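**Student:** If you want the building blocks of each chain, they are given just below.
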Amino acid sequence: MNPASPFAPTRRLVLLGAGAGLVAPGILATPLPAAAQAPQGAVIDVTRARTDPIPVAIPDLAGAGDAARVGRDIARVIQTNLRNSGLFRPVDRQAFIQTPEAAAQTPRFQDWRVIGAQALVTGRVEQRGDGLRVEFRLWDVLPETQLQGTAFTAPSANWRRIAHLISDVIYERLLGEKGYFDTRVVYVSETGPRDRRTRRLAIMDQDGENNRFLTDGRFAALSPRFHPSADRIAFMSYQDRGQPRVVLFDIGSGSQQVLGNFPGMTLSPRFSPDGRSVLLSATRGGDANIYIVDLGSRRERQLTSGGGLDVSPCFSPDGTQIVFNSDRGGDQQLYVMDAGGGNVRRISFGNGRYATPVWSPRGDLIAFTRIGRGGFAIGVMRPDGSGERILSEGWAMEGPTFAPNGRVLMFYRESRATDSRGGGYSARIVSIDIAGFNERPIPTPTDATDPAWSPLLS
Amino acid sequence: MKTRLLGAVAALALVAACSSTDQNAAATGAGGTIRPGSQEDLVANVGDRVFFDFDRSSIRADQRPVLQRQAEWMGRYADVRVQVEGHADERGTREYNLALGQRRANSARDVLVASGVNGARISTISYGKDRPAALGSDEAAWAQNRRAVTVVQ
Chain A
4 MNPASPFAPT RRLVLLGAGA GLVAPGILAT PLPAAAQAPQ GAVIDVTRAR
54 TDPIPVAIPD LAGAGDAARV GRDIARVIQT NLRNSGLFRP VDRQAFIQTP
104 EAAAQTPRFQ DWRVIGAQAL VTGRVEQRGD GLRVEFRLWD VLPETQLQGT
154 AFTAPSANWR RIAHLISDVI YERLLGEKGY FDTRVVYVSE TGPRDRRTRR
204 LAIMDQDGEN NRFLTDGRFA ALSPRFHPSA DRIAFMSYQD RGQPRVVLFD
254 IGSGSQQVLG NFPGMTLSPR FSPDGRSVLL SATRGGDANI YIVDLGSRRE
304 RQLTSGGGLD VSPCFSPDGT QIVFNSDRGG DQQLYVMDAG GGNVRRISFG
354 NGRYATPVWS PRGDLIAFTR IGRGGFAIGV MRPDGSGERI LSEGWAMEGP
404 TFAPNGRVLM FYRESRATDS RGGGYSARIV SIDIAGFNER PIPTPTDATD
454 PAWSPLLS
Chain B
152 MKTRLLGAVA ALALVAACSS TDQNAAATGA GGTIRPGSQE DLVANVGDRV
202 FFDFDRSSIR ADQRPVLQRQ AEWMGRYADV RVQVEGHADE RGTREYNLAL
252 GQRRANSARD VLVASGVNGA RISTISYGKD RPAALGSDEA AWAQNRRAVT
302 VVQ
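Protein sequence lines, in the order shown, are assigned to chains A and B. With positions in the first sequence counted from 1, the corresponding number in our numbering is that position plus 3. With positions in the second sequence counted from 1, the corresponding number in our numbering is that position plus 151.
Calculated directly from the structure, the hints in this document are not laboratory data. Hints may be right or wrong, so weigh each one.
What the hints assert, rightly or not - In silico negatives: residues of chain A with every beta carbon more than 12 Å from chain B:
id: 1; residue: Ala23
id: 2; residue: Thr102
id: 3; residue: Arg127
id: 4; residue: Arg131
id: 5; residue: Thr148
id: 6; residue: Glu175
id: 7; residue: Asn354
To be verified - Pairwise CB distance ranges (calculated):
id: 8; chain 1: A; residue 1: Gln242; chain 2: B; residue 2: Asn269; range: 47 to 55 Å
id: 9; chain 1: B; residue 1: Asp230; chain 2: A; residue 2: Asp243; range: 20 to 28 Å
id: 10; chain 1: A; residue 1: Ser418; chain 2: B; residue 2: Arg232; range: 35 to 43 Å
id: 11; chain 1: B; residue 1: Glu290; chain 2: A; residue 2: Asp69; range: 54 to 62 Å
Please read all numbers here as calculations on a predicted model, not as lab measurements. Idealized CB from N, CA, C, for every residue including glycine.
Given only the sequences and the hints, what does the whole structure look like? Please build it.
**Tutor:** Right, here's the structure in full:
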């Protein structure tokens, strides 16, 4: 429940080699030390990797029979993760000299050096009944040292999860900060003509795999947001009759529960960093104000008041401040206030209207949507409003959500309808580095809006 | 499902009403006869919707008569309850537009109440930009979509 305590330190210690332990339900990790184990510490930092991606060789993990296929699949997922981050450059497999099997035994470093690999990933997969044992080692090619060695044992069905965990270890070991690959994204799947859309909650891995639907589409679902434990979601649901409401959704059981007791519509939910309360906007008459609802007592407290539409609140990661969107000054702008509702100050002063603010998990940036004359843009600014940077622009885009390490954003992009029947319209989730490069589509089976990125799952 | 169907009929009937007098529209409305006090009646003989300026939720002077006619019509059919649906165009963000749609629905409701309708007969709901009436991506479509639609319950 408490996001800070049970898993994060354990996972970090286990994966970085302190001892054996469960890193996720059913996934046991054991360190594989080596004679020439390099000390902890980053090889290269993210800023340098953006301009000069780290060349990494990822041969298939070795294995016999079915295990060979799993080894190949795991290597491909790792390669895709690292490449898509924009910070790594997987070395072309065709250039490999040493075979994966031989490399898994003992890497011949000169063979990897001559093809330009700076880091090398080797490993082996064994099938044990319904389970897998996946051994993985990360090597620094120049000094010929092992940076990391870990063996995972898990049910076979979890092979993707293991690939993401390995990807995160590589990211963390080479860049000195946590990755974001063992995460999921919840979003709104949209089908049907635009005036009669079916909007269902769906969930997928961050790379678009393992897509599944969480709601049946009888009632429209919007604005899903993860609880810090990643096992619950808050979203806005059009109920059977009456006002749309913020609803709590348990991913495991599928149970739903209306949050709070408000006379009007409730919208734009966001969990507090400690997971104990939910910020939301509630309408009364023509106004919308921000409230906080305690999940234990279910008591609500009003944080903003007065005429105006106050929506899309989001806590700073330390829980002391809230950024939100309001038209109190005439048009939509971003405001920051203390967590208790006082000391409200406007932070957006650029050209256009500003909306959908989200605070980076690192605390250093707020991402937003900007609506100008020509079109929409996604950008970031510091929490005091300085340093505004636009990352992406287009006809229509909105709804940024941060990766748990604060290095990547997802948002959704809409294309303009080209005829009066709405032909040519589409809505797609994309990801982009917060430096404003490496924008890439996230594959989804349907039109997709309102992405929300989970914390690290383990 | 029922309201959705009525909405589609209403949109068609609105087009008809634009190019003909109220009487003609009543006579030629969907299926021939129109039941007094029904949504079809409202659409054909009164007008079921008012339009708004960009990012605004105040009732325009040219739209007020529609709501006054709706209020008179509700006076005639005392057992009719309505829901006012507020909508926005696509040139805004989803969450803000949900709130904006709510404020538009509320503005329309306020005029109905000020014109004598008991507030207990009127509920409001917002769909933001998520249920456009016109599907194009141009000013003509957006003007149709910035609307509050009165729907008989």
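**Student:** Are the hints correct? Go through all of them and say.
**Tutor:** Evaluated hints:
With a least beta-carbon separation of about 45 Å from chain B, Ala23 of chain A lies farther than 12 Å from that chain, consistent with its non-interface assignment. No Cβ of chain B approaches the Cβ of Thr102 of chain A within 12 Å, the least distance being about 52 Å, so the stated non-interface status holds. Against chain B, the non-interface label of Arg127 of chain A holds: every CB pair exceeds 12 Å, the least being about 48 Å. Look at Arg131 of chain A: its CB is around 48 Å from the nearest CB on chain B, clear of 12 Å, so calling it non-interface holds up.
Thr148 of chain A, annotated as away from the interface, keeps every beta carbon of chain B farther than 12 Å; the closest lies near 50 Å. The beta carbon of Glu175 of chain A sits about 34 Å from the closest Cβ of chain B, which is more than 12 Å, so the claim that it is off the interface holds. Interface exclusion of Asn354 of chain A from chain B stands, the closest Cβ pair being 15 Å apart, more than 12 Å. The given range of 47 to 55 Å is broken by Gln242 of chain A and Asn269 of chain B, whose C-beta atoms sit roughly 24 Å from each other.
Against the hinted window of 20 to 28 Å, the Cβ-Cβ separation of Asp230 of chain B and Asp243 of chain A comes to about 23 Å, which satisfies the hint. Separation of Ser418 of chain A from Arg232 of chain B is about 40 Å and conforms to the stated range, judged on CB atoms against 35 to 43 Å. Under the hint 54 to 62 Å, the C-beta atoms of Glu290 of chain B and Asp69 of chain A, about 60 Å apart, fit the expected range.
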